[in-house]
Amino acid sequence: MEVTEAVAIDHGLKKEEFSKICELLNRTPNLTELAIFSAMWNEHCSYKSSRKHLKKMHTKGKQVIQGPGENAGVIDIGDDDAIVFKIESHNHPSFIEPYQGAATGVGGIMRDVFTMGARPIANLNSIHFGSPQHKKTRNLLRGVVKGIGGYGNCIGVPTIAGQTTFDESYNGNILVNAMTLGLVNKNKIFYSKAAGLDKPVIYVGSKTGRDGIHGASMASATFDDKIEEKKPTVQVGDPFTEKLLLEACLELMTDNSIIAIQDMGAAGLTSSSVEMASKGNLGIELNLSEVPCREEKMTPYEIMLSESQERMLIVLEKGKEEHAKKIFDKWNLDFAIIGKTTNSKKIELIFDNKKVAEIPIDLLAENAPIYDRPWKKTKLPQKLKFDKDEFKSLKLSDCLKKILSNSNISDKKWIWDQYDHTVMGDTIQKPGGDAGVVRVHGTNKAVAASVDSSALYCFSHPLTGGKQIVCESYRNLISVGAKPIAITNCLNFGNPEKEKNMGEFVECVEGITDASKYLDFPVVSGNVSFYNETKDKGIKPTPTIGGVGLISDYQQMLTMDFKTEGNLVYVIGKTDGHLDQSIFARELLNEKKGPPPTVNLFNEKNIGETVLDLSRKNLIVSCHDVSLGGILTALSKMCIKGKKGIKINSLKGLTNKYEYFFGEDQARYIVEIPKASLKKVNDILNKYSVHFDELGTVNGQSIIYKDDINLPIEELADAHKYWLKKYMDS
Amino acid sequence: MRSSVIIFPGSNCDRDMDVALKKFGFKNQMVWHNDQYIPKSDLIVLPGGFSYGDYLRCGSIASKSKIIKSVIDFANSGGLVLGICNGFQILTETGLLNGILQQNKFLNFICSNVYVKVKDKQNKYFKDLKKDVLELHIAHNEGNYFCSDDELKSLEDNNQIAVTYCGVDGTENEKTNPNGAIKNIAGIFNKNKNVLGMMPHPERMIDKYLSGEDGSLFFKNILDNFK
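Chains as they are written, first to last, in this note's numbering: chain A, 1 to 730; chain B, 1001 to 1227.
Only chain A is shown next, with the shape it has when bound in the complex (with noise of 0.2 Å):
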């Protein structure tokens, strides 16, 4: 086939691009060559809209071992042992394919971890769906849901929290993003980066087949009405395989053979070579007819877009080629020498003893294009005045009851039963808290991991919401009692092409920067998916934030549940009463409008801070952030979970109970506290001059206010755990 402009186009290049591959080469590309530049050139691999924002991030830290740049981040936990882990996307083939796509998510995403020697502990997910009432919403969400604990349960990694939303603008655009944690030995971490010359280049496991081709463009478009027609970019996971590829990767990094390794994720075979010989400052030389390939006559074209599965890519120390493949033989897995690293600095395909691709490394990295897009900045929205007589008329029992069951606040067993969360035999707080919490097997530590995202913040004011996710994520992460360490960030947005659309990312990426930096929370890695858009509508802003902390003595891991009759409950930080873009002005008041709660970084920090010392001395006994819902939903949790009630004092000053009781001011987490801590606990929250409510007392069987509410917990209970049940079955 001829290379013309309409044949670059098809490939989604620019036409402006094309000219500039052709000026870079001085000659026409091949089409194979055209097929290795638009794999490489497009959004998901080049990150060309969004590199010059995410340098501005905050990634260095004390605890920081590798920030992003590599498959993965890490940080040390102390005692040799570090954390690898990231947030990744897959969500325009999950809304293609909803099962495959998911699980070759989570596919993915752990051989990320395990590319760098970390054996996988802990996955996680968010997911965003469209409207329930969407016709798409309920297959999708069962397709999703089966795809992640098909691959997760199969791998026998645990996956112990989310977070599933519910919103129109995903109508058209699903958003599945998955989260891996893996440990390591920081004295045994594995890069990507190709060293020395002539050294063997090793493909293993899976066999090359047809599936994924265009699969990393197809992540670079819109969608429209013919977006079934894509199927076929969909990748085909196989668990089973990846199992045995962790485990063989696992057994042949116990020694030195391994010079350097990488995943074939997106662009397969492409991005993993260039990559490796890119960030090594070689060349590469792959002669084709050696790759394993599962069909008869795949052509170079096919074999180097293809996006099968399960397959890593090695640079191996010379001589230990025998060594290597008896492992992988062990494994029943294929091993394939298919070339060598060069000094040419270019990538050099050979096919049938002729050779089929010649391109210098460095256009197709460094020189892959980087735009520098039209942005527009959000302005902050008026505060509403509400009408507070309004409120009158509706009963705080009857609010809080509709809030509970409200699709994005219910309860997501349904969900999370059908993901294995306890084997490894580590997980100590499953999902439904908080946060996720496993054990470092055979040690004291635990790690605790938390996926946020608030996309109606977001799409308010960018800003402010880039903000809040970072602050909501550090806050679950206290709640449990772990120390906030670092991030992951996976940054969906609808078109960059659009000013609105790519001003909505560059202002969440300030405020995520802001945040991490204030907090001392950095990133280490992470993930942008643009162009979810389906027919010119694109989502809301959905950063996403995958938060990981350490609690030295698992012993002093904090749960949400009330433990104890006649302990007291506090609010600590201050109730405001902010209900723009609350659960309470949405579900109730059919209010859309208004700016999110404002984000005060010294506060979050200062109360979270008093929060931990609290939990280190071991003078709380239960604690839950306060976030969507306000006060009185975070209380009804605490009580489902304990099975206990609550009588709530009659607060002083309280200039308007709606407004105290769903208000979604941030900074602010509810406490148990054995009345024998009491005063202690009240030193150190004068200590550190932070404001706190005296709420009420753990009692009973019901939450009680006044005469307003009297609730038993087995009604709020039913209010809270079956909306998702029943939604799934009707």
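Just so you know, these hints were derived from the structure itself, not from any lab.
C-beta: ideal position from N, C-alpha, C; glycine also.
Treat the hints with caution; some may be incorrect.
To be verified - BS3-like cross-link-like pairs, simulated, lysine-lysine; straight-line CA separation at most 25 Å:
{"no.": "1", "chain 1": "A", "residue 1": "Lys330", "chain 2": "B", "residue 2": "Lys1069"}
{"no.": "2", "chain 1": "B", "residue 1": "Lys1064", "chain 2": "A", "residue 2": "Lys326"}
{"no.": "3", "chain 1": "A", "residue 1": "Lys617", "chain 2": "B", "residue 2": "Lys1208"}
{"no.": "4", "chain 1": "B", "residue 1": "Lys1066", "chain 2": "A", "residue 2": "Lys325"}
{"no.": "5", "chain 1": "A", "residue 1": "Lys725", "chain 2": "B", "residue 2": "Lys1105"}
{"no.": "6", "chain 1": "B", "residue 1": "Lys1175", "chain 2": "A", "residue 2": "Lys643"}
To be verified - Sample of chain A residues facing chain B (criterion: CB under 10 Å; computed from the structure):
{"no.": "7", "residue": "Lys146"}
{"no.": "8", "residue": "Asp238"}
{"no.": "9", "residue": "Pro239"}
{"no.": "10", "residue": "Thr241"}
{"no.": "11", "residue": "Leu244"}
{"no.": "12", "residue": "Lys330"}
{"no.": "13", "residue": "Met424"}
{"no.": "14", "residue": "Lys430"}
{"no.": "15", "residue": "His441"}
{"no.": "16", "residue": "Met557"}
Place chain B on chain A using the hints.
For chain B alone, kept in the frame of chain A given last:
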């Protein structure tokens, strides 16, 4: 007491089982599926997971693996063989245990704590166990036990039903049956009661920070009965 845990490609509870056995004092070793012989053992464990990807049918390929002949010989000579979850599925595929494990009634994978009632204590696993109802944990997609009427009658007549799903107080009914298993069956013995297959995972319930501690009772009891 010496134990061996067989690792099949795709097993994923092998380490958890190793940790549990060692915690309670078993001298445990791991055995690779491609080996022919099993080291001298008093107990062989087939762990949970997805042996051979559960392709074809859960447990079916593992039941034809190289090591399995030694397992069958060991069982036939009266040795204790314990299959948990996928291990139970493998045991039914080898014919050491009757019946089959179908997909769960509601077609979903279930990961959850369950209560099981110990139905027979005249065996080396549950003899003298202090409790009648244990809190254990299940995590499976194909745990819906089924067998023919004749097989069921024979299981009942010979007291081969080991554990059944029940409520906290021991009630067995449809509500306390998580997967649709016939007669709420969660685990069964062979005729000699030296081979036990069950879906729940005792190895995930071995300290109070996990889902519970009743798994400890199970392991300790096997050791006590061996002495």
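Hint check results:
{"no.": "1", "hint": "A/Lys330 - B/Lys1069", "result": "holds, 20 Å"}
{"no.": "2", "hint": "B/Lys1064 - A/Lys326", "result": "holds, 23 Å"}
{"no.": "3", "hint": "A/Lys617 - B/Lys1208", "result": "holds, 22 Å"}
{"no.": "4", "hint": "B/Lys1066 - A/Lys325", "result": "holds, 22 Å"}
{"no.": "5", "hint": "A/Lys725 - B/Lys1105", "result": "holds, 16 Å"}
{"no.": "6", "hint": "B/Lys1175 - A/Lys643", "result": "holds, 21 Å"}
{"no.": "7", "hint": "Lys146", "result": "holds, 8 Å"}
{"no.": "8", "hint": "Asp238", "result": "holds, 7 Å"}
{"no.": "9", "hint": "Pro239", "result": "holds, 7 Å"}
{"no.": "10", "hint": "Thr241", "result": "holds, 8 Å"}
{"no.": "11", "hint": "Leu244", "result": "holds, 6 Å"}
{"no.": "12", "hint": "Lys330", "result": "holds, 8 Å"}
{"no.": "13", "hint": "Met424", "result": "holds, 6 Å"}
{"no.": "14", "hint": "Lys430", "result": "holds, 8 Å"}
{"no.": "15", "hint": "His441", "result": "holds, 8 Å"}
{"no.": "16", "hint": "Met557", "result": "holds, 8 Å"}
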